[in-house]
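Novice: Construct the entire structure; sequences and hints are all you get.
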Amino acid sequence: MKVAYINSVAGFGSTGKICVELSTMEGIDGKIYYGRKKNYSDVNAYQMTHFLGNVNQTIQTFFFGKHGLSNTSETKKMIENLKAFQPDLIHLHNLHGFYMNVEVLFQYLKESKIPVIWTLHDCWSFTGHCAHYEAVGCEKWKTLCKDCPNLMTYPYTINQTNIEKNYRKKKEIFTSLEENQMVIVTPSHWLKTQVEQSFLKKYKVQVIHNGIDLNVFYPREVESKQDKTILLACASAWTKEKGLNDLIELSKQLNAKEHLIVIGVGERLGKLFDSSHTTTIQRTENIEELCKYYSSADIFLNPTYQDTFPTVNIEALACGCPVITYPTGGSVEIIDEKTGMVTKEKNVASLLDAIRNHKDWKKEDCIERASQFNREEMLKNYYNLYISLVSNLTGNNPK
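Each residue of the sequence shown is one higher than the one before, starting from 451 at the first, in the numbering used here.
These are calculated hints, taken from the structure and not from any lab test.
Be careful, since some hints might not be right.
Subject to a maximum C-alpha distance of 20 Å in a straight line, what follows is the list of computed DMTMM-like cross-link-like pairs (lysine to aspartate or glutamate) [claimed, not checked]: (1) Lys788 <-> Glu814; (2) Lys652 <-> Glu622; (3) Lys642 <-> Glu783; (4) Lys796 <-> Glu814; (5) Lys481 <-> Asp492; (6) Lys813 <-> Glu739.
What follows is a set of in silico ranges between Cβ atoms, one per label pair, in the way DEER data are often shown [claimed, not checked]: (7) Gln676 <-> Asn506: 38 to 46 Å; (8) Lys809 <-> Lys615: 35 to 43 Å; (9) Ala706 <-> Leu594: 20 to 28 Å; (10) Asn807 <-> Leu594: 37 to 45 Å; (11) Leu664 <-> Thr729: 40 to 48 Å; (12) Leu664 <-> Glu735: 14 to 22 Å; (13) Asn842 <-> Ser821: 52 to 60 Å; (14) Glu646 <-> Ser686: 23 to 31 Å; (15) Val657 <-> Met475: 14 to 22 Å; (16) Glu739 <-> Asn807: 51 to 59 Å; (17) Leu719 <-> Asn831: 34 to 42 Å; (18) Asp810 <-> Ser841: 44 to 52 Å; (19) Asn807 <-> Asn834: 38 to 46 Å; (20) Ser686 <-> Ser523: 27 to 35 Å.
Here the structure is a predicted model, which means the values were calculated and not measured.
Ideal Cβ positions, reconstructed from N, Cα and C, are used throughout, including at glycine.
Specialist: Here you go:
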């Protein structure tokens, strides 16, 4: 079966790596169409936009709020390449990311009648601007986005006037396909409930959890711990939405028997933490090193204010480390009472209370819980969906 994957990146970051894994499944002849950075894999790929194209859409977004609505010529060239590839199915991922004209793309999808799967990794597809809104408690997306309280979050813009227009435009574009032509996939049940309250609710929505490679993420042998509770937090980029300010405040309230390790913090941000109770480490791409940190920690902290389905939770569990998280999005779905705790509130006091008053957790239970979110299961579920959608829409069995 020929499958075309459309995403902002290829082989880079979580979405880029998922596209590579899907495109190299047995029985799949895949090709990735992407718009930023380089191809960080050896799979068949087509880069539709380059640096100047990315800059152009960045300008269009920042000053005019037109994200996903420029780069027309590049998108048309990509479609010509798509036509030559002749896919049996098109699998969309992140269409935001400063590279795509979604109106041109969906006009082609509508005319081609090719089966479409759209995996949503965030909420951008059904808002007038932002990719996440939970941190500001906004629900305008359910009816009509306007007077946006979230302008200075990705994709950043100073233009308030086009938010309502963008919402209406995206609704028109993204609901233009027939109901049976497209299936939406979400990695969490939380995001599924959001989609079902949005203008995308006409389409079938299926949950397929993101999975990790359990041959990579597993407990490592580490030195015996000192008489301290080791707390670990990790992010590729720390922001206030990820809980940065809360971790800084937490570091100042820890006692002599508690120590916090924060991965992904540069020298400038590191100075904001209480150094007597905190070790800050710059971002690491070394998986072996990361797994050793997971394995040595007593508790993994994820004080995120907005998140779809953070795989760092799964990685920590797979290495035998229980998780404490805020009651946020899909983060709560990854753990159960045997493997972690959801705090009562999104604040430092509630986080500290959970750290000091949690139940005893077993490493074996954490590892077992992580096994429910393995990469093989994710790939199998996607493959079965491919077969089902193509068969139902075309009447052909693509096996």
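Novice: Hint by hint, say whether it matches the structure.
Specialist: Tested hints:
Distance check on the hinted pair: Lys788 and Glu814 sit about 10 Å apart at the alpha-carbon level, within 20 Å; holds. A distance of roughly 13 Å separates the Cα atoms of Lys652 and Glu622; the hinted pair therefore holds under the 20 Å criterion. Restraint check for Lys642 and Glu783: the C-alpha separation of about 12 Å stays at or below 20 Å, so the hint holds. A C-alpha spacing of about 28 Å is found between Lys796 and Glu814, which places the hinted pair above 20 Å, so the restraint is violated.
Simply put, Lys481 and Asp492 have alpha-carbon atoms about 11 Å apart, close enough for the 20 Å limit, and the pair holds. For the given pair, Lys813 sits about 19 Å from Glu739 by alpha-carbon distance, which is consistent with the 20 Å threshold. Range check, Gln676 to Asn506: Cβ separation about 54 Å, and the 38 to 46 Å hint is violated. Checked against the hint of 35 to 43 Å, the pair Lys809 and Lys615 fails, with Cβ atoms roughly 51 Å apart.
Hint check: Ala706 to Leu594, Cβ distance near 53 Å, so the stated range 20 to 28 Å is violated. A hinted range of 37 to 45 Å for the beta carbons of Asn807 and Leu594 is consistent with their spacing of about 43 Å. The hint said 40 to 48 Å for the Cβ distance between Leu664 and Thr729, and at roughly 28 Å that hint is violated. Leu664 and Glu735 have their C-beta atoms about 20 Å apart, which keeps the hinted 14 to 22 Å range intact.
At roughly 31 Å, the beta-carbon separation of Asn842 and Ser821 lies outside the given 52 to 60 Å, and the hint is violated. For Glu646 and Ser686, the Cβ-Cβ distance of about 29 Å falls inside the hinted range of 23 to 31 Å, so the restraint holds. Hint check: Val657 to Met475, Cβ distance near 19 Å, so the stated range 14 to 22 Å holds. A hinted range of 51 to 59 Å is violated for the C-beta pair Glu739 and Asn807, which are about 31 Å apart.
Between Leu719 and Asn831 the Cβ separation comes to about 38 Å, which falls inside the hinted range of 34 to 42 Å. Taken as a hint, the range 44 to 52 Å holds for the pair Asp810 and Ser841, whose Cβ atoms sit roughly 49 Å apart. Roughly 43 Å separates the CB atoms of Asn807 and Asn834, a value that falls within the hinted 38 to 46 Å. Evaluation of the 27 to 35 Å hint for Ser686 and Ser523 yields a pass: the beta carbon distance comes to about 32 Å.
Checked against the numbered hints given earlier, the structure breaks hints 4, 7, 8, 9, 11, 13, 16 and satisfies all the rest.
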